[in-house]
Each structure stands twice: as C-alpha cells, then as structure tokens.
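**Student:** Sequence:
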Amino acid sequence: MSSRYHEVYEDWSKDPEAFWAAAAQDVVWTKPWDKVFDADAGVYGRWFVGAQCNTAYNCLDRHVFAGRAGQPALIYDSPVTDTKKTYSYAELTEEVATLAAVLQRHGVAKGDRVIIYMAMIPEAVMAMLACARIGAIHSVVFGGFAARELATRIDDAKPKMILSCSCGIEPGRVVSYKPLLDQAIEMSSHKPSACLVFQRPMETASLIEGRDFDWAEQTASARAAGEKADCVSVAATDPLYVLYTSGTTGQPKGVVRDNGGHMVALKWSMNAVYGMKPGEVYWAASDVGWVVGHSYIVYAPLLHGCTTILFEGKPVGTPDAGTFWRVISEHKVAALFTAPTAFRAIKKDDPEGAFIGKYDLKHFRTLFLAGERADPDTVQWAERMLGVPVLDHWWQTETGWAIAANPVGLGTMPVRYGSPTVAMPGYDVQVLDEAHRQVDAGKMGSICVKLPLPPGCLPTLWGNDQRFVDSYLTEFPGYYATADAGYKDADGYLYIMARTDDIINVAGHRLSTGGMEEVLASHPDVAECAVIGIADPMKGQIPAGFIVLKSGVNRPVADIEREVVQLVRERIGPVAALKLVVTVGRLPKTRSGKILRRTMRSIADGEDYRAPATIDDPAILDEIAAALKDHGVAKGN
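Okay, so the sequence shown: first residue is 1 according to full-length UniProt numbering, each after it adds one.
Bear in mind the hints are in silico, worked out from the structure with no lab data behind them.
Just so you know, these numbers come straight off a predicted model, no measurement behind them.
Take these hints with a grain of salt, some might be off.
[What the hints assert, rightly or not] Label pairs and their in silico Cβ distance ranges:
#	residue 1	residue 2	range
1	D608	Y417	34 to 42 Å
2	A22	A535	47 to 55 Å
3	A535	D82	29 to 37 Å
4	G632	P278	25 to 33 Å
[Said to hold, decoys possible] Derived DMTMM-like pairs (lysine to aspartate or glutamate); straight-line CA-CA distance at most 20 Å:
#	residue 1	residue 2
5	K314	E372
6	K158	D82
7	K110	E209
8	K550	E623
9	K550	D428
10	K589	E570
11	K314	D350
12	K450	E475
13	K348	D320
14	K348	E561
15	K160	D212
16	K160	E186
17	K594	E149
18	K160	E149
19	K589	D238
20	K314	D77
21	K14	D605
22	K550	E186
23	K85	E330
24	K358	D77
25	K228	D214
26	K84	E17
27	K594	D616
28	K539	E607
29	K589	E563
30	K629	D608
31	K450	D484
32	K550	D350
33	K314	E170
34	K629	D525
35	K362	E330
36	K191	D212
37	K594	E623
38	K314	D82
39	K160	E209
40	K314	D617
Where a beta carbon is used, it is the ideal one built from N, C-alpha and C, also for glycine.
Using the sequences provided together with the hints, build the complete structure.
**Tutor:** What follows is the structure in structure tokens.
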C-alpha cells in the first residue's frame, strides 16, 4: 500500500488550524472552541482556546454509551505476582467514578494537584482517570523513587492528596513504598492533607491516623453509599497532569499537559501513527511513571476505544525471555510499543529466538520502538525473528507523542535503518547550525521544531514560564530546541544521533557517539553497547566504548574488543580515534531503559557524580569504575 503521508503532511502545512480542527471532531466537547489556535495566549500560543471538555469522559463514559460497555478496556497481567485481571469499559468507569468520589470526600476539587506514587497495578490507572474525571491535576511519580526526589516533587506540585500503595514488586524482592512516602512528606515543606493507601497482599503498610486512609475501606464506603463522581467540565487549556523530568540544575522540571490538545493529538495518533482500530488490543510495555505510560498505556488507547494492557514484569526473568511473546499470544495483541533496550535484553538471553516459536503470534502486526536510539542490529534481529514491521519513532516527555514516526495508518513508508522516518503533521522539524541556519541534507546539527508546537505538546513548565523559555525556546529563537543532534537525508528522513551533549569533539572533529554505537552493535557477539567521550589532554576528547556480550559467547574478550575497534576504524575511519573498548556485564540505566552516559562520562573523567534517582541499580556504577581501571583509565571515583 502506498503511503498518504506526503499528502497528509502537506494538508497540515497548508492550514494547520483546519487540520487540527478536523482531528478534533473525534473528541467529545462540552463546549466548542472560540479559536482553534490563539497565538496571543500562553508562552507561544494555545490550542482550542475557549473549549470545555473532560478527558475521563472521552476515555470511558463515551464508549459505554456508544455500545462498548462489555468490551475489555484494561487487562492487568502481572507475572511477578501471577495475577491477571480484566476490566470492561463499564467496570473501569464504575471503579473510576467511585474512586473520584473518594477524592471529593477528601476535599479534592478542580485544579487541585494529586500525586500518585504507585506500582504497576490497575489502581494506578484508576487514580489517573479519577483525577481527570473531577478536574484535578495528577502528577505520577515512579513507584519506589527515592524519598528526597519525591519530596522535591511534593514541594513543587503542592498536592492536596497523595495516592499510594504499600509496595512494589521487583523480580525476587518487595520494595516498600510507604516508608519512602513517609520520609518524603517529613522532608517536604508542603504537607498533603491526606494519603490514600492501597494495601497489596504481599505487604501491609502502617497508616498514620488522621492523615492516611485505607483505599479498600474508603472505596467500599463510597460504593455502599452509592457515591459516584460525575465528570467535571474543564477548559481545554487547563492542565490534565504534570510529569516531572530531570533538570540539569537538579531541580526537576514539571512538564504540563493540557486536556484538549492532548486528547486531539493522542486520538489522532492511534490510527495515523500506530494503525490501530477501536476494539483491538494495544500494549505499551512501559510504566505509568513515564510519559509512554501516560500517553500509551492510559490515555491514547482508551480515547480510541482499544483494549490496553498494564504489564507488571520485565522482558526477561519474569520468568524468561519469552514473556513478551506469551502476553502477545494470550491477549491477541495487535501492536507492541517498547524500548529498544527491552529487545536487546531479550536478544542477549535468547539470541536465536527459541522462545518465539512456542507462541501463536498471528494477531501481532507491528512492533514500535522508542525511548532511545534503535540500533539497526536490534531492529534487524527483531524483523528476522518476528516477521513483522519493526518501526522506530522519536519523541520526548515534553511532546507527549511522536515528533517523527513511520505512520502505519497513513501507509507504512520504507524503513531506513537508524532513522525514525519522517516528521509527523504538526511538527516542522529543522536541523540548525550554531548560527541558527538550516544545514544541508546529511550534515549534523541541532534538531529543532519551528513554533508553534502542535496540540499535545507542553505549553509550559509547572509554575515557571521563564524556565520553560530559558530551557527550550531561547537558544534558537522561534524554535523549540529538542536538545537532540542529528541530520536529515535528501528525502526528509530524520536521523537522531545523540543528545547535543553527546556530540564529542575529537581533535576538532565533531563526532556522534550514536554513529559509533551503531558500529559496535553490529558486531555479532555484542548484545548492547554505549559510547561516551572522555577527556583527553591532546585531543580534547576521545571516545570510549562499553559492550555487553550476548549470552553464550565464550571467545576471549580481548579478541572481541580488538575486533570492535577495527570495525570502527573501517566504517568511520581513524578520525574516530576509538581505541578503548571495555566489556562489562551490564550498562547503567534508568528504570525506563535509558543508558546513563553522562554519569559514565563523569566516572571516566574522575568527576564527582551522584547516582541519579532514576537509576535501576546503583551498584553498577562501581562495576563501571572498576572496569575502567582494569583498562588503564584510573581516574574513576
């Protein structure tokens, strides 16, 4: 099928307001907008000004009224607790309306903030939707986040209430959440008026009288009294949620998402980008603590009338490297969205794909990757093993949905390995040099989006317009700076090569660590890798490569490291100056799978560093430091 992409993109570029007004017809509004886009509102303009709506109504009630009451809305699949549960649209609506009534009992009203600090359980999704139902603004903080990090978010968001659970489950251990929550509230200047705690069967948390309330008791009481909250109409420009992303100053940035534009963009993306039809099963294997969980576990699939999967587990080890295929087979998943790191973990444990043949994947159509660069080797492995299109796409916490993608619903375009394909309607993506000029095709530069940003993107940072301007809009006036570097080819395909601070300068040559990582990943024994620039008195910086080997490789490590160095020399040239390759058992990552390159660079350069709050396992940083010392880089802390 030929792609309609160019035609649709041109329709948008000719008349953006008409394009998004047409897309907005798929959303139920309680009052239509006065202006599709008001350039004089907000920092750079606002979408659907004057409109009134409710996001929870569009996710739940409208589908019940339209005949989907009995269709599964949410499937909870938890291999770590051996639990599965399905909620129909009618059942999920009932649960959300009851929980929203509990929030109202505790004085939560339109515009109030509610922090959600929970595990990957259905109640976390219900909590988000319950806030949306009554016009409260939710801020989800990843369950198990350090107390100090949670405290900074409490002080910034100033929540009326906090919703939590007793614990989270990691493979082989229980993580107690309530003590961390108590510590955070003790540390914070702002104090919530109440906490609602869901007690999981594997651990019961102690409650503080007068402040803490038992979730099950409170919802049972509301249910017995017949209390259900109605949907509260809010302005399209009112915040739906605040999601914190790490700031370079150590003070987290609260990304604001509005109600109206967010619904329009996500609803449009479910068919145009992901090729999904209402009633089909969609699975984003992420966490509700991250933007992918907000957009594509909770909001987009439910807005579109799909069935969404909430998965509490890991790609390997719960119980094995076949768990993804089991979930896809059992629940008839049409599309899976996950991070490349998940597939590298599966490939490392099961390089021949032996588990795949054990499951019936006939309903599975498309694999989508995002969250970090999808190296061509991983993409090609997944293509060979699964026999379905494997499509990279690129977006950010700030944008909330894809900046660049291969739009399945418009007709899939040819895959070019290493590229997330092309800019989506709404995004005028340009590659600029330091003088703010567009660079030629194939030349590296800073990737920027011409203002205004489309619906769904952040209009500002919570309570801090100036920081929003300083962080994103000042470096390239008239543009949103993505802080990613890369290039476009002659056909407009984008290549995201690195964060701008991951471009290294080797003896005056600007080189992309992402380009070197592609070469390292192509070695047949390498499961995953990272390249960083480390300080060098002669050349300014030199690259250092870190590789993790596939399971079962028993060749001498030194031989593999030499071969990798030679590969870079052959494919990029001596200018890359890659001579140091270090084999490690694993790479330091955030819980969402992003490799902590900046922290690795600090270790290599002997700088003071602090383990980021999002790190999956802090002990790995000591392993990186030891491995560097073994290779003669003795600066590490």
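**Student:** When the hints from earlier in the document are held up against this structure, which numbers fail?
**Tutor:** 3, 4, 6, 7, 9, 10, 19, 21, 22, 26, 29, 34
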